[in-house]
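The chain contents come next:
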Amino acid sequence: MNIKSQKDFSAGLMFMGVGAAFAWGATTYNVGSGDRMGPGYFPLMLGILMALVGAVITFKALVIETIDGDKIGKWAWRPLFYIISANVVFGILLAGLRSIHLPAFGLIVAIYALTFIASMAQAGWKFRTTLILATALAVGSYLVFVLALALQFPVWPEFITG
Amino acid sequence: MDLIANLALGFGVAFTPINLLYALVGCLLGTLIGVLPGIGPAATIAMLLPATYALPPVSALIMLAGIYYGSQYGGSTTAILVNLPGESSSVVTCIDGHQMAKKGRAGPALAAAGLGSFFAGCVGTVMIAAFAPALTELAFKFGPAEYFALMTLGLIGAVVLASGSLLKAVGMILLGLLLGLVGTDVNSGVARFSFDVPELTDGIGFVAIAMGIFGYGEIISNLAQREIHREVFTVKVQGLFPTKQDFKDMTPAVLRGTVLGCALGILPGGGALLSAFAAYTIEKKVKGRPGEVPFGQGNIRGVAGPEAANNAGAQASFIPLLTLGIPSNVVMALMVGAMTIHNIQPGPQVMTSNPELFWGLIASMWLGNAMLVILNLPLIGLWIKLLTVPYRFLFPAIVLFCAIGVYSTNNNTWDIWIVGIFGVIGYIFYKIGAEPAPLLLGLILGPMMEENLRRALLLSRGDWSVFVTRPLSASLLAVCALLLVIVLLPSIKKKREEAFIED
Numbered sequence: 246m247n248i249k250s251q252k253d254f255s256a257g258l259m260f261m262g263v264g265a266a267f268a269w270g271a272t273t274y275n276v277g278s279g280d281r282m283g284p285g286y287f288p289l290m291l292g293i294l295m296a297l298v299g300a301v302i303t304f305k306a307l308v309i310e311t312i313d314g315d316k317i318g319k320w321a322w323r324p325l326f327y328i329i330s331a332n333v334v335f336g337i338l339l340a341g342l343r344s345i346h347l348p349a350f351g352l353i354v355a356i357y358a359l360t361f362i363a364s365m366a367q368a369g370w371k372f373r374t375t376l377i378l379a380t381a382l383a384v385g386s387y388l389v390f391v392l393a394l395a396l397q398f399p400v401w402p403e404f405i406t407g
Numbered sequence: 004m005d006l007i008a009n010l011a012l013g014f015g016v017a018f019t020p021i022n023l024l025y026a027l028v029g030c031l032l033g034t035l036i037g038v039l040p041g042i043g044p045a046a047t048i049a050m051l052l053p054a055t056y057a058l059p060p061v062s063a064l065i066m067l068a069g070i071y072y073g074s075q076y077g078g079s080t081t082a083i084l085v086n087l088p089g090e091s092s093s094v095v096t097c098i099d100g101h102q103m104a105k106k107g108r109a110g111p112a113l114a115a116a117g118l119g120s121f122f123a124g125c126v127g128t129v130m131i132a133a134f135a136p137a138l139t140e141l142a143f144k145f146g147p148a149e150y151f152a153l154m155t156l157g158l159i160g161a162v163v164l165a166s167g168s169l170l171k172a173v174g175m176i177l178l179g180l181l182l183g184l185v186g187t188d189v190n191s192g193v194a195r196f197s198f199d200v201p202e203l204t205d206g207i208g209f210v211a212i213a214m215g216i217f218g219y220g221e222i223i224s225n226l227a228q229r230e231i232h233r234e235v236f237t238v239k240v241q242g243l244f245p246t247k248q249d250f251k252d253m254t255p256a257v258l259r260g261t262v263l264g265c266a267l268g269i270l271p272g273g274g275a276l277l278s279a280f281a282a283y284t285i286e287k288k289v290k291g292r293p294g295e296v297p298f299g300q301g302n303i304r305g306v307a308g309p310e311a312a313n314n315a316g317a318q319a320s321f322i323p324l325l326t327l328g329i330p331s332n333v334v335m336a337l338m339v340g341a342m343t344i345h346n347i348q349p350g351p352q353v354m355t356s357n358p359e360l361f362w363g364l365i366a367s368m369w370l371g372n373a374m375l376v377i378l379n380l381p382l383i384g385l386w387i388k389l390l391t392v393p394y395r396f397l398f399p400a401i402v403l404f405c406a407i408g409v410y411s412t413n414n415n416t417w418d419i420w421i422v423g424i425f426g427v428i429g430y431i432f433y434k435i436g437a438e439p440a441p442l443l444l445g446l447i448l449g450p451m452m453e454e455n456l457r458r459a460l461l462l463s464r465g466d467w468s469v470f471v472t473r474p475l476s477a478s479l480l481a482v483c484a485l486l487l488v489i490v491l492l493p494s495i496k497k498k499r500e501e502a503f504i505e506d
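From first to last, the protein sequence lines stand for chains A and B. So for the first sequence, my numbering puts the first residue at 246; every next one is plus one. So for the second sequence, my numbering puts the first residue at 4; every next one is plus one.
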């Protein structure tokens with residue numbers, strides 16, 4: 246049996262898996278009956294429905310011919326890795342990570358880190374332009390978010406402010 | 004006349020300096036993100052939601068609404084000058100608009116888009132003001148069964164009218180509904196699907212999901228594509244005003260587009276994108292004057308019609324939100340989020356309990372449209388300059404604003420991790436060709452649907468026939484069934500696929 250549409254096949258599998266997981270999870274709560282619905286009733290219904298929809302999509306992906314096989318194509322690991330890392334590093338630096346006793350470095354340091362890591366997502370990034378961009382973003386964010394909108398951030402590293 | 008008195012109240016609210024300022028800020032931001040390809044109104048509104056905490060609710064909503072319809076104006080500029088849709092709803096504007104620009108008629112094309120949008124925006128505003136009270140009265144007759152039926156219609160409508168695979172869209176809606184149920188169940192107090200994580204008992208943050216999928220997901224997929232060569236017509240924009248003949252050609256197109264946009268915008272799942280597609284298809288069918296430039300080679304009707312339609316559609320999509328509390332597209336779903344942040348329960352009671360908010364928002368739309376014409380036509384040079392900003396400066400800034408915005412929703416890094424996770428999920432959705440917009444609608448409607456289903460069945464003592472014995476609910480469900488039958492009919496299915504592929 247050949248997969249006629251790679252995209253649909255994976256989408257169908259995803260819906261089946263996630264739907265089944267939700268339905269199974271829902272059975273651990275009180276399901277109840279129509280007139281007295283428990284917390285498990287609605288999610289169980291939706292989960293089963295979703296798994297069914299997923300099954301139909303998977304089936305169709307195996308049967309219905311497509312022109313180019315609807316390939317998923319290459320995964321863009323580079324942007325995926327750098328964008329998500331930039332986000333995670335920003336969070337860790339901004340507020341610190343208690344579980345590994347990392348102190349908060351504050352907004353400004355976090356912005357520099359985020360800008361550099363995110364910029365690396367694209368081939369041909371340059372140190373100087375990125376530095377200028379990071380500085381502009383840091384100054385701009387400080388003016389807008391900290392001074393104008395008065396949002397509560399740790400701005401400077403903990404060991405400086407004390 | 005109630006309408007006059009109501010509008011007077013609205014303009015009184017909208018004309019205060021602070022609200023004028025926020026309308027202007029919204030329109031500016033909207034035009035900005037409209038002009039820039041790669042960032043849409045959904046991501047922008049999600050980013051700015053936390054920043055509106057400090058504002059009074061009216062100002063916050065006025066600004067967010069301005070971003071939405073402002074982006075419709077800005078999107079056409081990019082479509083005409085660069086042949087890239089700045090917004091998804093300007094995809095069809097590229098076809099004839101860019102051809103006009105190539106022939107040195109960028110000015111008239113921009114003017115046609117701007118003036119057409121302005122006219123449509125004015126009509127749309129009046130329409131909301133005229134129809135909303137009537138619909139609101141109808142909404143008060145709704146019981147839980149009717150609300151459940153209406154939400155089902157909204158979700159079915161969203162998949163039927165959206166582009167792409169029908170079944171996958173249904174799957175995404177179900178996924179959204181399920182994700183919306185994560186957290187503490189209001190009736191039993193049971194924390195569902197939260198795996199003993201304290202943060203999950205409050206549910207997954209709506210803003211975080213929207214930002215992850217629409218912000219990060221889109222950036223990653225944009226970066227994965229090769230750098231598109233941008234051909235910007237920077238010098239040639241002169242002679243902004245259309246000729247007399249242009250006006251003659253575009254006026255009927257604008258009128259048709261406006262009517263179509265108003266009608267389709269109200270429908271669940273409708274809004275700007277669908278209206279623009281439909282308007283272009285109709286303009287192509289309508290016979291023009293002899294000797295007219297053919298479509299696809301720079302016909303001004305192909306710019307004016309869809310642009311009027313997308314703006315009218317954008318405004319009309321506020322109607323179901325303001326009267327029934329049901330969002331009809333992603334941006335409206337985000338507006339629900341904005342209203343709940345400010346402790347306003349969207350629905351028919353908004354008009355009576357917060358009249359200054361309701362009418363102020365409507366009046367601000369008219370003012371905003373007037374501002375947009377001024378912002379977009381005389382200041383066009385400024386926006387063109389913006390188009391020369393390379394993406395490598397933009398995307399780190401977007402990542403940063405998402406991260407800052409989501410952190411400030413709860414001053415908690417938890418939401419930053421959630422954005423990251425949904426960024427990955429958003430990219431997976433993109434790879435497997437699953438449109439994320441229905442997911443967000445489901446996410447907003449999930450808890451509401453469960454609550455109404457529960458109440459309806461409690462009242463009927465578990466009898467499911469309540470949905471078909473109550474006339475309003477039965478007719479709403481009949482429309483759902485009809486929509487599904489229509490879209491599944493082979494002949495229409497083919498047409499629908501054609502309509503969305505047409506480029």
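Take the hints with a grain of salt, since some may be wrong.
[Said to hold, decoys possible] Ranges between beta-carbon positions, derived for each pair:
(1) PRO201/B with ARG281/A: 45 to 51 Å
(2) ASN415/B with ILE248/A: 38 to 44 Å
(3) ILE489/B with THR272/A: 34 to 40 Å
(4) ILE377/A with LYS247/B: 36 to 42 Å
(5) LEU342/A with THR204/B: 19 to 25 Å
(6) PRO297/B with LYS249/A: 34 to 40 Å
(7) THR204/B with THR272/A: 17 to 23 Å
(8) PRO201/B with GLN397/A: 17 to 23 Å
(9) VAL488/B with TYR387/A: 56 to 62 Å
(10) LEU12/B with ARG281/A: 20 to 26 Å
(11) ILE345/A with GLU359/B: 48 to 54 Å
(12) LEU12/B with TYR387/A: 50 to 56 Å
(13) THR311/A with GLU359/B: 35 to 41 Å
[Unchecked claim] Chain A stretches covered by chain B per the calculated footprint, using a threshold of three residues with CB under 8 Å from any CB of chain B:
(14) 264 to 272
(15) 303 to 313
(16) 343 to 350
(17) 360 to 370
(18) 394 to 406
No lab work stands behind these hints: they were computed from the structure. Yeah, the Cβ is synthetic: ideal placement off N, Cα and C, and Gly gets one too.
Here is what the structure says about each hint:
no.: 1; hint: PRO201/B with ARG281/A: 45 to 51 Å; result: violated (29 Å)
no.: 2; hint: ASN415/B with ILE248/A: 38 to 44 Å; result: holds (42 Å)
no.: 3; hint: ILE489/B with THR272/A: 34 to 40 Å; result: holds (36 Å)
no.: 4; hint: ILE377/A with LYS247/B: 36 to 42 Å; result: violated (49 Å)
no.: 5; hint: LEU342/A with THR204/B: 19 to 25 Å; result: holds (22 Å)
no.: 6; hint: PRO297/B with LYS249/A: 34 to 40 Å; result: holds (38 Å)
no.: 7; hint: THR204/B with THR272/A: 17 to 23 Å; result: holds (20 Å)
no.: 8; hint: PRO201/B with GLN397/A: 17 to 23 Å; result: holds (21 Å)
no.: 9; hint: VAL488/B with TYR387/A: 56 to 62 Å; result: holds (58 Å)
no.: 10; hint: LEU12/B with ARG281/A: 20 to 26 Å; result: violated (45 Å)
no.: 11; hint: ILE345/A with GLU359/B: 48 to 54 Å; result: holds (51 Å)
no.: 12; hint: LEU12/B with TYR387/A: 50 to 56 Å; result: violated (40 Å)
no.: 13; hint: THR311/A with GLU359/B: 35 to 41 Å; result: violated (54 Å)
no.: 14; hint: 264 to 272; result: holds (count 4)
no.: 15; hint: 303 to 313; result: violated (count 1)
no.: 16; hint: 343 to 350; result: violated (count 0)
no.: 17; hint: 360 to 370; result: holds (count 6)
no.: 18; hint: 394 to 406; result: holds (count 5)
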